[in-house]
Amino acid sequence: MSQLFLIAQIAGRAVAIESGQVESVVDIGTIVPVPGADRQIHGLAALRSRVVTVIDTRVALGLDHARTPATRAVITQYEGHHYAILVDALEDVAPFDQVPLSSGIVLDLGWRAAGCGIIERDGEPVLVIDLRALIPGGAALAA
Amino acid sequence: MDDLLQEFIAETRETLEALSGEIVAWESAPQDRERLDAIFRFVHTVKGSCGFLDLPRLARLSHAAEDVLAAVRDGKRTPDTALVNAVLAIVDRIGEIVEAIDVGASLPDSGEDLLIAALDEHADNDSDGAAAAAPQAQTAALRNASRSVRLNVDLLDRMMSGMSDMVLARNELARRLRDDDADPSVEAALERLSLTVAEMRETVTRTRMQKIDALFSALPRMVRDTAAEVGKSVTLHIEGSDVELDREMIEMMRDPLVHIVRNAIDHGIEAPAERRILGKRENGRLAISARQSGNQIIIEITDDGRGIDTERLIRKIAAQGARSEAELRLLSDKAKLDLVFEAGVSTKDEVTAISGRGVGMDVVRANVEQIGGRIELFSTLGKGLCIAIHVPLTLSIISTIGVGVEGQRFALPRQAIEEIVRVGGDAIRIDMLGDTPAASVRDRRMPLVDLGQVLGFVRDPLAAPMLAIVSVSGGSYALAVDNVLDTEELVIKPAAPAVMAAGVYAGQTLPDSGLPMLLLDCAGIAAAAGLQFAREAIVDDVVAEEVFDSGSALLFDDLDGTRRLVALEIIDRIELVPTDAIRFSAGRLRLSTDAGIVPLVAMGAWQDRADVAILRLRDGESEIGYAISEALDIFALPNELVPAAEPGPVAGVVALDGEQVELLDLHWLFANHGGDQLSTAPPVCLIDGADQAWMMTFLKPVLEGAGYRVAAKLKKNESAAVVLTMDATPSSAAAEAPVIRLRREANASANDLSIYRYDRPGLLAALAHSAGGR
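Protein chains in written order, with this note's numbering: chain A, 1 to 143; chain B, 1001 to 1774.
Since the hints were derived computationally from the structure, they do not count as laboratory data.
Nothing here was measured: the structure is a model prediction, and the numbers come from that model.
Take the hints with a grain of salt, since some may be wrong.
As the list claims (entries may be wrong) - Computed footprint of chain B on chain A; a stretch qualifies when at least three of its residues, placed anywhere within it, have a C-beta under 8 Å from a C-beta of chain B:
1) 16-28
2) 48-59
3) 130-137
Glycine residues also receive a C-beta, built at the ideal position from the N, C-alpha and C atoms.
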């Protein structure tokens, strides 16, 4: 069965995000840092009247900080709190069929926790990621 | 006509609600003219409205009450209990009739004559009136829905966030207009918009938030009624009524609070006679307070009643059979207290009408936990119980002070801040003690915490320009910040767990600037900076001197699991002895040592251990052993001692690092367990000569009541403190003790110093005299 996926660029890679996890896609304004919190918490941002916690996706995936921080974000809700997952760019929204990761492929760094499958776009495989795995404390529920 | 009636009902209902507090206040201070006037106005208004609405019954009742109150106002009658009760009964009745009219139910008018009659000056008592009022109680259930609607909380939340959006849009608009030099008429329009928006925001916020007064206002009347029902008298103190809480929480708190208050009055506070005997004021004291602390609201209910008897609790639970008594006794003191939360437990043996109707503390705890709160008990047996309910601040409006550090703004809860000072001069300075910065504010010295450092910036604490003096439980500290901005009322919401995990934040908020801001948690900052407030006392010279005076003490874990202190000076040594050196022999515990046998005191079970640590205590002459579980540390003995409720092995309680620690009563220990028993044994009253049988039968209780041990014959080495005889001359055996002679005749002959045998005061006086003359 086909599901709707959002195709985005994170850390130079194309990833697919299941649309059910996405509340909206926004441009993030000023980010207020949260000193003392985990490195992957980039800060807080106001989204209209809501305060969202901004996740530095690169750090969450175990990579370095981006030199030029991303300003687009995917908003997702987890346990009553809103999180903005920073993405480099958004490419597409389309229905795809999700298939499990081919056996033998072992992802590294934070990708391992987040990756939960593959979709095929124009013959090119794209990793499906679970946004919950990027949220500190939100243990990956991915299979 | 219908509209008028509805308005009358709504108005009466509202006034009645507002009035219930006044009535109770009037009862306790009947001379208070203001309260009297308020009640008078109420019945007067009701009477007036009834006239043109054609409600004869209400008119009759209110008229009668008005007459009496008018007489009181004129000083013709004094407001005694009977009168107050009669007026209350009428006010209640008015309320019932109004509700009945509202739902269109009929209400029998029987008893109204009695109610009115009870107002009469010559009514013998209020029982008629009270009895008449009773059958109407069930009509309360018919109460019509008041003028309110139920709303989904989600809807309110959406309204709130819409409101915030509006504020932000207004701010944006204002900024644009300022930049463009708009024409004054546009600015005036914007000004008007701003005012409306601010007002709206206030209103919308109030839809969610409510003063906790809504919860507290009903308490005075409830406490009065409950106390009257069980024949006790209770003074209620309420504090912090203006703390604001989520409306949802207030509703959830209502039942637990009512239950706890009723429990406190019924079970906790003793009857007046019992309180007199215990040396307490006859009026029980019940204090209810609400305050905000960190990211919680704490509601405390404190009574000065009998506290929780954990022993009885353990027996009751053991009797239920689920757990053995021994198992329960092993629990920590706190866990023992928490046993009251077990299902189906009541500390009172009999069930009364007020509480103990199956709704136990377990339900209270379940209710509190349902809203994410927790409940804590602090009980002192015989002194009272304090129940603290911690409710999370899911959403609340807090008055905050904005502070800046490293270019970022944070909010500090204003309640926690004692004062804000600028560093400079001699009065306020920062010094390094070793590598630790400390602030001196006038004559106070306190630890300095640099907010920037706590948040992970590299800074020089000595350069801090501003200090916020923050008080947390245990002490105060100075929080160094770069600048202090303004005060603001902010809606605080919980932050994401990952943010809270930093440990220094209490929540997040979106102020008018449109930039998110974090609310700092003052206690969390103290913890993150590693502050320990017990140390502060030692830094302080004055305190240190006093500490020196009272000497050092050994902190140890006693056999019963309690932590206790004993003065260090008296400890000869501490040694580990095998358990078989301890025997219960010749009526008491004794310890075999190399040098002989010493009396041993053990406050808990020692039999199961292989060996026991013994404190060998020595007062210079005699020696006793005191079995303990483990010696812990040596402390300076705190100066402040809260004495124990009754004499015993424990002299009282001292605070050590914020913990309550019992201090052993050496005097009691040596008096009761020391070698020389004679000096502490009660003095002996020797009954001598003929008529011993009569004196034994008739006088023994009297003498024992006076503190003597009565003996017909002295033991070896025992000497009589006083000799009582009915013979003309005492026998030689007791020649050295003073002699009191009794006679049979009521009238004495001249020069006869004897006392008539039924002259009890005379006898006691003679005993006291001879004891003094000894």
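Verification of the supplied hints:
| no. | hint | result |
| --- | --- | --- |
| 1 | 16-28 | violated (count 0) |
| 2 | 48-59 | holds (count 5) |
| 3 | 130-137 | holds (count 3) |
In summary, the structure is inconsistent with hint 1 from the numbered list given earlier, while agreeing with all the others.
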